[in-house]
Structures are given as C-alpha cells and as structure tokens.
Amino acid sequence: MTSRRSLALASVAAVVAVAIAVAISFWIHWFPAQATTQAQNTDRLYHVLVLASIPIFVLVVTVILYSVWQFRMKPGEELKDGPPIHGNTRLEVFWTAIPTVLLLGIVGYSFVVLRNNEKKPAREIQIGVTAQQFAWTYQYPPSVTGGAPLNSTQLYVPKGESVEFSLRSKDVIHAFWIPAFRVQEDVVPGITTHWRATPIRLGSYPVVCNLLCGLGHSLMRSTVHVVTPAQFHAWITSQQSAAASGAGGLSTTGAATG
Amino acid sequence: MAAKLRAPGFYRAGIMMLGGVALATGLTWLVRMTTGHATYSHYLSGDAILSVSLLAVPLAFLIGIGGFDYWFYWAAGRPTRPEDHSGHGAYSWKDYFRVNTDHKVIGVQYTVSSFFFLLVGGLIAMLMRAQLAQPGSHFVDANTFNGLFSVHASLLIFLFIIPVFAGLANFVLPLMIGAPDMAFPRLNALSFWLLPVAGALMLGSFFAPGGAFADGWTAYAPLSDNAPIGQTFFSVAVQFAGASSIMTALNFLVTIITMRAPGMSFFRMPLLVWANFATSLLVVIATPFIAASQFFVLLDRALGFNFFNAAHGGDVLMYQHVFWFYSHPAVYIMMLPGFGIISEIIAVKARKPIFGYRMMAFSLLAIVALGFTVWAHHMFTSGMAAWIRIPMAITTAIIAVPTGIKIFSWLATLWRGVLHLDTPMLFALGFLTTFTLGGISGVMLAMVPFDIHVSATYFIVAHIHYVLFGGSLMTIFAGVYYWFPKMTGRMYDERLGKWHFWATFIFVNLTFGPMHILGLQGMPRRVSTYAAKFTDLNLFISLASFGLGLSTLVFFYNIVTSWRGGPRAIPNPWRGMTLEWQVSSPPPIFNFDRVPTVVGGPYEYGVPGAVHGIFAPAPAPAAAGAAASVVRAPSQ
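Note that the protein sequences, when read in sequence, are chains A and B. The opening position of the first sequence corresponds to residue 1 in the working numbering, with each subsequent residue numbered one higher. The opening position of the second sequence corresponds to residue 1 in the working numbering, with each subsequent residue numbered one higher.
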C-alpha cells in the first residue's frame, strides 16, 4: 500500500473513531440526577471538555497505531536506521501555540461557568450545616422559619430558590457534598465556608461527607429533600410544633434521619 | 564475636538499636521527672518512649550499619580510611546487604528494595479491592481499611516511585555522562540506607497500638493531630524518605554539573540526564516543605504546639498549603524521570534522533518552574480564599503545554522510524496512550466548577492512577526491561515481557477506567463501604484489579529467572549510542577503563558515521575543538 493511500485510510479511521467516541460520550449516563441550575452548567462544561478531548486522544492513538502499522521493523531491516530528522521549528511552534490557545479558551469558559454558578441572586435563603464525627445537623435561621430558629438532622430545601449553605465543623475537616447538586466544599474547623445552589428538581438525594474524617467516614451520609415551597413551609411548621411540644426538641426531630 | 560487634553491619546495628530504645526511655523519664508531678503523673509513658524511639532507633541503625563511619572518624580526628574502592562491586548477593559506595551496587539496592515495596503496596491494594468488592463487607474493619489505603499510597509514593527512579538513574546516569561514580559516593550509600528505615517505619505502624496511620497519605490536620500513635510512624518515616530524596538529588545535581566527560556539553546530554537534573531541582526545593508539614504535626502531637488547633489559634488550611507545596511538585518528581526513560527508549527503538531535542530539554525546565505555581488546585474546595482558584486554574491548564510538547515530540520521533516493537518499546507506546488519558483528565480537573464536583472522589483516584500507574509505572517497567541487560549482564525473556505488557495495559484500563464514572456518579474515595448503586462497577473493578495484580507476578517471575539464568547479554544489545552501552554488560567496576570523549549528540541515529562518544585519547587540536563546541550549538 502506498503511503498516500495508507495515510488516507488512517485519517478515515480516525474520523470514524472520533464519531464513535462522541456517540458513546452522549450515550453514557455520566452523572446522577441533575437537581440544580449549577448541575446543568457543570454538566455542560464536562461535555464540552469531553468533546474537546476526544479528537486529541484519537490523534495520539492514531499516530501510534499508524506508526506501528507502517514503520515497524520488517525482516531484513534489523540494522536499518530511520531518517535523521532532528526537528522542525515551525511544527514545534505550532504544537506549542495551538494547545496554549485551546487551553486558555477552555479555562476561560470554565471561569464563566464558575461565575454563573456562584453568583449571588436577588433572593436567597440561608441554611446552616454543622458537621461532627460522624453526623450532619442543619440550622434553619429565623429568616427561613419566620419564627424561632430550628435545629434539625433533616435537610429540606424548597425547589426554585437559591440556598446558601454555611458550613461549620465541631472537630476535624469534613466536606459537604451533594452529588446531585454538583457542589461541595470542605467544612473546616475554625472558619465558616459557604456554597450555594438553586434546586430545580423535586426528589431526595444523598448528602455525602467527601473528606476522610475518621472511622465512621464511610457512613457519614444524610439526605437532602427538594420539595415545593408550600411543602417546605409545611415541614418547617410541623418541625417547630414538634420542637415546641416535645421535651428537648432536638431528639424528636432527629428520629427520622435516613 | 567482639570484632563482629565492632565492625559495621547488622550485629552492630542491632546493639545500637537497643541503645536507641534505652536512650529514648531514659530521656523521656528524665524530662518527665524534672518537669514535675503537676505535669506528668507517670514518669514512664509508652507513647513518649515510642515517639522518641521512632527517631532514635532508626538513627542508631544507620550508625550501626556504618552509614556515618567515615564522618565520625573524621570528626573525632582519627585516621580516616582512604577510599581505595576495594568495596566496589558486588560479588555475591550478600554484598547487597552491606554499605557499599559503588553507584552500580547502590542502583541495584535501590531498585530491588523499591520493587519489594511495590510488591507489598500492590498486595495491600488487593486487600482493599477485596473489601470493596461488595458494599458493607467485613473483610477488614474500617480502621484497618483506612490504614491499608494510607500505607498503600505512602509506600508506593515514598518508597517505590520516587526511589526506583533514583535507583535506575543511580545505575545509569554516571555511565551516561562518562563518570566513574557519583560525586559523593558515601552520601549516596547513606541515602539508600535511609529508605529501608522509612519502609520499616511505615509497615511497622501496622503493629502500633491503635493500628497503622489511617488518615491517608495526605495526613490532613487536625485529624492527624489526634490520631493514634501510628500517625507518628508516618510523620517520622517521611522525614527519613525525604532526607534520602534530598541527599540523592544534591548528589545528582553535583554529579551532572561537575562530572561530565570531556565534550559532554549540556546540550549533548541524553534526555534521561536532563530529566534527572530537572527532577533534582524540584526535589531540593520542594522536599523541605513536606518535612516541615510533618514536623508541625509531630510537634502538635507530641508537645501540644497547636499549629493546627483552631480552638487555640491554629490554622488548619496552613497544613494543606505547606503539604501541597511539596506534594504537587512531587507529582512531577514522579513523572519527569519517566519522561527521560521514554526519550531514551523511543529514540533507540525507533532508530531516529529525538524530534526537537532542545524543546524536550526546555520543556522539562518549564515544568519545573510551572510546577511550583499550581499547588492550590488540590484545594479548590478547601475553603481557601476564592480568588486563588483563578491563577492556579490558569497555571494548571498551562502546565499541560510543555507536557504536550513532549508527547508530540515522541510521536514525531516515531514517524518514519524503524520501530523495534520489543517489550521496552511496547511499554513506551502503552505509556503514551494511558498517560495521555491521565493528562486529559488532569486538564479537566483544572476547570474549577468541574473540580468542585469531583474533588476527592473516585474520579481523582482514577486520574492519579492513570498518571502514576499508566504513566510512571509504565515508564519504570520500560526502563527496567531496557537496562536489565546492562544492570545484570543477562537478557530477560522477551515472550514473558510481552505477556506482561499486554496484561498490564489491558487490566490498567479495566481497573482504573470505570473509576472515573464512579466518581462522577458520586462515590467518595477513602471509604470502606458505599451506596448500593455502585455495587456492579466496584465488583468489576475488583476483579480487574486482581488481574492487574497477577500480571505483576509475570514480571517478577521473568526478572528473577532471567537474572539467575537468562542468556548472557552483549554490551550493546539495542545498538544504542549513549555511553552506558559502550561498556560491557554489566559494566566494569570503575565504569570506563579509558575516559570517553563526547564528540556529538546522543541520538544521532541515521546520521552516517555519527558517534556520540569515543574512547581513544583525543588528539590535541580536536580536544580544543570539542571544548569550543561546548559554547556553540551541538552537532545536530
């Protein structure tokens, strides 16, 4: 086979491989439920990254496989050397400049996503999160409850409203992560950290401690319930009355943790 | 017997170690007694004795084995034994268990003991995957599991990847630059003997009260501040492994700068030498930071310094900054020597000069410089000041450029070559594939919003194993096969080598590929059990990992049997141009019977009549010309 024909064949194979890889990348369910606007933005960023990566990876593999196919040593070539090509400045400038531009472009796009994800909206509710080995508790301030502050082991958030979580730790570092929300931040003793998300999908999703915090780390999980605003306020009211009637309040609200 | 106890060796080391324990006991008793009843109710405390012993006993061992003898004689004003090189060379396997100043013996000592730790670290990984094959299984308990993954990472980072590169370079690098030995042979010996000490401490922590250190290899404070005594084993072991790294790096730097053969200008050095030059710069600058981070923890633990106790003004995030200021460059410390190995193999096996040699050298230096500007990308979700994420994300993306230059240059070197597809070359090509994947996921992780989702998940586990197993370990296997004839004087079994490659390549991808999806789906790392929905993938990964474990046995079998009874190797089985191939296999005890003179570039394959080094004494006018070419461009 002439080298022109084999090159054409390799190019076609590479294009087909890219097409198949792109198809597979859309077919795979990469992420859990997309429960926040932040999740939508982050997932789109991920798909862009995958689409940009596929041609680069296919290019590398194609060159390797083509070289193995066309340039492998044939019988009788045991003492033969290749042509003494020492480099090509134009080519080297090209493969320095193009990736630089591409990388800066992608990182710029990621900053746009970051800004959108972290932008403070006009309306927002605050919920406190306290981590200790190996459990989560949640604080609903008066601005949310409309009455006395509420302390609970359950996490309820209203759909369609931006929530800012304020994270505090009583002992070591934990990380407050809700995979369905695509956001996490470490919970650090001595300081208060924050993250925000706007839930857009009803349902119950896992809350995970994502930083090694000791023996019980694997089981330091909780659940977030995204409910309608009406259900949210009904739940707050029920918790407040339970706290008022029950002795000690905390113990009764803590009973139904999942 | 008395003579045996006085002479350097294991007997004297044993006595000295007992002395170390006695010293630790006496010292802590004295301090606790003199500071009075108010502070200490008991003068003897097991934890205090153990903590001091962890420092005293390893030092006693090093003194006993003879690592410091020369300097002690010198310091005491006694006649030092002049180095007559009578200890060079190893004539039986027992010689590898003695302090030896021959760089080739030390290279083998380094490499073999590192592979011992690979075997142990790999077995630990098998135990972890056995636990993770099913959710909620009780193969090991949570504390043991946390200990397993912590020791797994620490062993493979500090006692396998970093030292095995130092070992291969120890053997090959002086030969490559035409030197008779390293610049500081006694320091070289001491830096090797620090390693078994560090390894014994890490493995010994399994027998400590409360179990092995269990806070990950990152040992984040304040968790590590309050962990059982096993944590101290880690903090101290890192000091010994780090000291070994720094000594070796200084040795490489001085050797490369001062001991090159006549005519060996910087731009005539093989890229493995360049790679170790760059790595040594990283090690010398960065390693003191991890030593500091662990001293902080040690002082917090032993003496209540409260560096990381937020309730008493400590700064928890400070630990992470200091730790990652070493541990990100460490990723390049674990990668650049591998880049050097791949450059050697691809040039020789493709029978072509390295494409863009100067850019290959400069890109190594670019990685060194940029490597110090990216550490906080490990902390995008740590709660540090938000603005730091922006510059660190940019530098993290940009550091992919010099790495990309290297990949493209290797590909261009393959182009139109005459490819010898034997085991080292297969590993080099496999490395190009898997490392590209690891590089791509690394660039993804530079994107802050994406990293905020997957930080500290199985996506990170997948990424780091693509880089360190698919990257570093592939280059290590390639390098071991490539220089096996030179190091042992025997040929390895090519058929088994190819089997090893294909098994490794397939099972690496089957094991670590699916971990990306686990992370994206929401599985955290460092857990001994997981949510039910991750069951299928985890079982698949566990089975694949057992295949990966078995593939390593093929390698060990091949190496052991070939070393014992493989066919004798000729001096230059690969027809390489670099100097190590111009001497016998294994090399003569003093490397070069005649000093080589370097007259051209290291990779002049295909250039008619080109040579890299000549052994005949160069005539006077030519020597002047060679000296001038140090300033001018090399002959490429």
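These are calculated hints, taken from the structure and not from any lab test. Bear in mind the structure is a predicted one, so any value in this text is a computation, not a measurement. Check before you lean on any hint, since a few could be wrong.
[As the list claims (entries may be wrong)] Derived DSS-like pairs: lysine-lysine, alpha-carbon spacing no greater than 27 Å straight-line: (1) A:Lys159 / A:Lys119; (2) B:Lys4 / B:Lys94; (3) B:Lys94 / A:Lys74; (4) A:Lys80 / B:Lys498; (5) A:Lys159 / B:Lys498.
Hints and how they fare:
1. A:Lys159 / A:Lys119: Given pair lysine 159 (chain A), lysine 119 (chain A) holds - Cα atoms ~18 Å apart, limit 27 Å.
2. B:Lys4 / B:Lys94: Holds. Lysine 4 (chain B) to lysine 94 (chain B) sits at ~16 Å (cutoff 27 Å).
3. B:Lys94 / A:Lys74: 45 Å, violated
4. A:Lys80 / B:Lys498: Answer holds: lysine 80 (chain A) to lysine 498 (chain B) is near 23 Å, not above 27 Å.
5. A:Lys159 / B:Lys498: 57 Å, violated
Comparing the model with each numbered hint stated earlier shows that hints 3 and 5 do not hold.
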